[in-house]
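Please model the entire structure based on the sequences and the hints provided.
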Amino acid sequence: MSGSPSAPADAAAGPASTAHESLPKAARRQVGALARALVTPSYPATPLFARSPRRWVRRVPYGVAMILTAILLPVSAQVLTSEYGVGGGVATLFGVAQSTPLLLSVTRPLQAWWIVLLSDIVCALMVLGTTDPDRQVWPWPPAALIGYLFLLLALALREPPRTLVAVWLVTGVAGVALGVAFPERSNGSNVVLFVFSGVVLLVVGALRERGDARRRLAEQETISEAERARRTLLEERARIARELHDVVAHHMSVITVQADSAPYRIGGLPAEAEREFSTIAATARQSLAEMRRLLGVLRGAETRGERAPQPGLRQVPQLVEATVRAGIPTTLTVAEDVAGLEPLPQAVGLSAYRIVQEALANVVRHAPGAATRVSISAVSADSADSADSAVSAQDRSALTVLVVNGPPESTPTRPVETSGTGHGLVGMVERVRLVGGTLDTGPLPDGGFRVAARLPLTDLEQREETDPS
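Under my numbering, the letters of the sequence shown match residues 13 to 481, in that order.
Quick caveat, the hints were computed from the structure, so don't treat them as lab data. Even for Gly, the Cβ is constructed at its ideal location relative to N, Cα and C. A hint or two may mislead.
Derived Cβ-Cβ restraints for the label pairs, each shown as a range [stated by the list, open to error]: (1) Pro329 <-> Ala225: 51 to 61 Å; (2) Glu354 <-> Arg462: 21 to 31 Å; (3) Glu196 <-> Ser94: 15 to 25 Å; (4) Ser34 <-> Arg71: 22 to 32 Å; (5) Pro172 <-> Val203: 53 to 63 Å.
Written out as structure tokens, the structure is:
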């Protein structure tokens, strides 16, 4: 019992000591991270502005580097010779060391910075013994200071913020160390370089980060748009699968009933025939059960309304009436030859209805008040050579759906949407692919829009034989 009171005290002291030790440890970790940043250049070593689509922009860094090198090299050598009393050969060597790394800065600015920094420090130490120090700018000569700032500009366009902070601190430490070691020679150029280098690194680095953020945002928007298009495609395919179930289930149910009732409707059937009909009925029931299980996966709790009978061509007039009530002057023309195609395959009738529905919805959203024409006709093989038909002679007949609208009227009513994503056309394409047809959409010269679909009525087997793809 005597040891229990001391346990909480020890426990309380533990976190305090840990917190006390964590501060130096955190400082060492930050210093180590800055040191690693100074020796770890960005990878890969692509040139500055390499991502620009314009060729002349990609060449700008090379042109600027060559011009600066051509100017600063002789100027540095001349200033070191005339103002600092350095020999011509040594002055030229320092001019090369301080200027030519600008050419390297286009692709490897961090390596170029190390070369320039070391050469500037060595040059500052070498000119200490020259005469008339009052007329000399020390420790950084003017030409070296200008080249250093342009080098930092390239560095800020390439390296991450941690590296820029480390470079700025090293620049300040080097200038302060030289100023403290030789106070009688220092005349403030070290402070000027420290301040101006901070401004250049901060401003250019911030502008680059802003540009990178905008580019990442644009890329994310592109990815999001592609993902929305993909999701729309998957949703439309799932919807088509649900509707196909309703179409195919009807035929499978008829097969089941016919197979079950065949022995009663047709008298005197052999035992083998009765067993065959029984097998057909059992297979049909099993297929129906499998389809219902698949439908349970596709349908969610929110899709109960889709279990109603699927619409077809007979419901198109209702769509047109609803569009007229929405303020769109719409006319419907159904050719007389369409009645001769009844009964239409349910997949074709449903696809035609959905195409008209989506086309009229687009008119309401994007072109309020535009005069719209809906035309439904049939094209048979006999008219395949006519100028108005694109149906091949291999097709027995096809259903054509045409929805054309003019430009939006200049009314106070504004469009619901001023720009489309094209997702609505995804459903039309899938509907047409479902029945092996073709779809043609696009704007008209007068500002309107046209949707034309051809839905073959040929049996699936015949279409597969004529179009193996």
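Hint check:
no. : hint                          : verdict
1   : Pro329 <-> Ala225: 51 to 61 Å : holds, 53 Å
2   : Glu354 <-> Arg462: 21 to 31 Å : holds, 27 Å
3   : Glu196 <-> Ser94: 15 to 25 Å  : holds, 22 Å
4   : Ser34 <-> Arg71: 22 to 32 Å   : violated, 50 Å
5   : Pro172 <-> Val203: 53 to 63 Å : violated, 26 Å
In summary, the structure is inconsistent with hints 4 and 5 from the numbered list given earlier, while agreeing with the others.
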